[in-house]
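So the sequence lines, in the order shown, correspond to chains A and B. Residue numbering for the first sequence follows this note's numbering, starting at 1 and increasing by one per position. Residue numbering for the second sequence follows this note's numbering, starting at 1 and increasing by one per position.
Do not rely on the hints blindly, as some may be mistaken.
As the list claims (entries may be wrong) - Some residues of chain B that are not near chain A, with every Cβ distance over 10 Å (derived):
hint, residue
1, 59
2, 62
3, 65
4, 96
5, 103
6, 104
7, 109
8, 180
9, 189
10, 242
11, 245
12, 261
13, 264
14, 268
15, 287
16, 331
Stated by the list, open to error - Pulled a few chain B residues facing chain A out of the computed Cβ check, cut under 10 Å:
hint, residue
17, 41
18, 249
19, 265
These aren't lab readings, by the way, just hints derived from the structure by calculation. Backbone N, C-alpha and C fix where the C-beta goes; we use that ideal spot for every residue, glycine too.
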Amino acid sequence: MNRQAASCVVTLIGAAMLRLSITDEHLSYIKPWMQYPLLVSAIVLLLLGLPGLFLVKEDDEHDHQPTVAWAMLVPVLALLVIAPPSLGSYAAARTLRPAPPPAESTFSKLPSADINKIKIGEFVVRANYDTGKSLEDRQIELTGFAVKDSKGWYIARMSMACCAADAFTQAVRMDGAEAPKDGQWVRVVGTWVDSDKEYPREDMPTMALESIEQINEPRQPYE
Amino acid sequence: MVLIRVRLPRVSVETTSDEVAQEKPPADKAGWASGASLWIVVGIVGACLLLRGQISGRLDSPAFLDFATRFVSVMVQATPFLVFGVLISAAISAFVPASALQRLLPENKALAVPVAGAAGVILPGCECASVPISGSLIRRGIAPAAALTFLLAAPAINPVVLVSTAVAFPNRPDMVIGRLVASFAVAVIMGWLWLRFGKAEWLTMGRRTPHDHDGENKVATFRDAMQHDFLHAGGFLVIGAAIAAAFSTFVPKDIVDTLADNWILAVLALVLLAFLVAICSEADAFVAASFVGFSDTAKLAFMVVGPAVDVKLASMQAGVFGSKFAMRFAPVTLVVATLSAVIVGWVLL
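Take the sequences, apply the hints, and build the full model.
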């Protein structure tokens, strides 16, 4: 690879990262705040690559770009051709296990009058670790996608520690309705089913469904 | 060892691995491939754009898309850190004279080792750049023990690496501190081991002198250095990210669980991966974090071993310092780095 081709690869990566950072597409891969560092790095890469496309040096005696640079075309092509979607039911089924204990062990009360919109991860933690049973007798609304296993079906959401590569599953077992097709996004309202066990609990918590509505994938697919 | 002191030119980034590790291909052949390479890049991208519908239609299995998402997300997450890292290390190569470090070091060699390690903590440098930099430091008359400590410390524990580790492991300052302590220990221990057991005749230096960039435009040097380092480190990151993503997606859950549940197997598996995958230190924390289910100690071992020794670094060391050196230094580093990570992980995590 010569210097000009290397500049071309750098420009392509810069363009791909710019596109990701100024559209919502980055939300499939990274946390929302990473948008800004990504935008800055895209601009730096474009400033680095673009001039090199046009500056041809006559004396390129020690012009020796790394062979491994060719590999950098792979992510560009992956984004251009496949544009991988956010992680869904395939990933969720592979890591379908109860969430680890939370860092905090005090739980705020949930208002009793309204439908409480909470995250699936919060539902799991309250169900499995809150000895004060703050979920008891509360109407809860959850948003996620459907995933099945041998014991039934779940509403699930992937949760990232850092980026999608380290995402793990948050899931609540659904009771009282037919399973939608795998990966279908749904909004559900229901109440927690207390399993009468000692804390901490190691099962997946269960929700008794009152209503279920099919929806499109939300803008921010991760929790 | 008698060192002939000549005024050597500034360290050049052009002397990184590929040149060091391989013979240059014959000029005419290289010239042809080199000249056509821009059109090959344009051709590949154009063909993929034209055939986009057909290609993406065939690659739609859920397992493959899961793999692709994980692969792309490691690349996207790591890119800003990689760009920032190569920006700073290229700036140092182009604008900071290498003699600056020499002035910092005390005369006493045993004392110079930890000071060189501390200099490595402050100065961001990519591991690919640190091998030739250390080589030129030794040629310049810096004690090999100190130069080798710098070689191990600079890429492993600089500010960019520590920030990326903190981002990869949110709310886990112990991972960042563990990495700092374990990697610093490796660098200093290897420096002292060299002082005690190292022999000057193992170092067969001076096969190559760096190009002289004094006459050239500094901005051009900086640009070339940054582009080279970015593509070099990024290329290895692609390979590493692909292996990590494949590991998360395709290896059966039972095998991963077996590896992850046994702490010795978990550490050995990730150490082996770190050695084979050779990811740049600015990006390896994101790959380490993606090994969901593995113990923190195993992840720490991945991050401590990777920047200290891997296939790429071992071959670069053989090129810069000679194979007699690399055959001894690389395996010992591997053992010391693994032990250091395990001990620090056991105490701290």
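For each hint, the structure was consulted:
1. 59: 6 Å, violated
2. 62: 4 Å, violated
3. 65: Its Cβ does come within 10 Å of chain A, the nearest being 6 Å, so this is violated.
4. 96: 20 Å, holds
5. 103: 29 Å, holds
6. 104: Non-interface label on residue 104 of chain B holds, nearest chain A Cβ at 29 Å vs cutoff 10 Å.
7. 109: About 35 Å separates residue 109 of chain B from the closest Cβ of chain A, which puts it past 10 Å; holds.
8. 180: 19 Å, holds
9. 189: Check passes; 30 Å lies beyond 10 Å.
10. 242: 7 Å, violated
11. 245: 6 Å, violated
12. 261: 13 Å, holds
13. 264: Fine: 22 Å to the nearest Cβ keeps residue 264 of chain B off the interface.
14. 268: The claim stands: residue 268 of chain B keeps its Cβ more than 10 Å from every Cβ of chain A (closest is about 21 Å).
15. 287: 8 Å, violated
16. 331: 24 Å, holds
17. 41: With Cβ-Cβ at 5 Å, under 10 Å, it holds.
18. 249: 8 Å, holds
19. 265: 20 Å, violated
Checked against the numbered hints above, the structure breaks hints 1, 2, 3, 10, 11, 15 and 19 and satisfies the rest.
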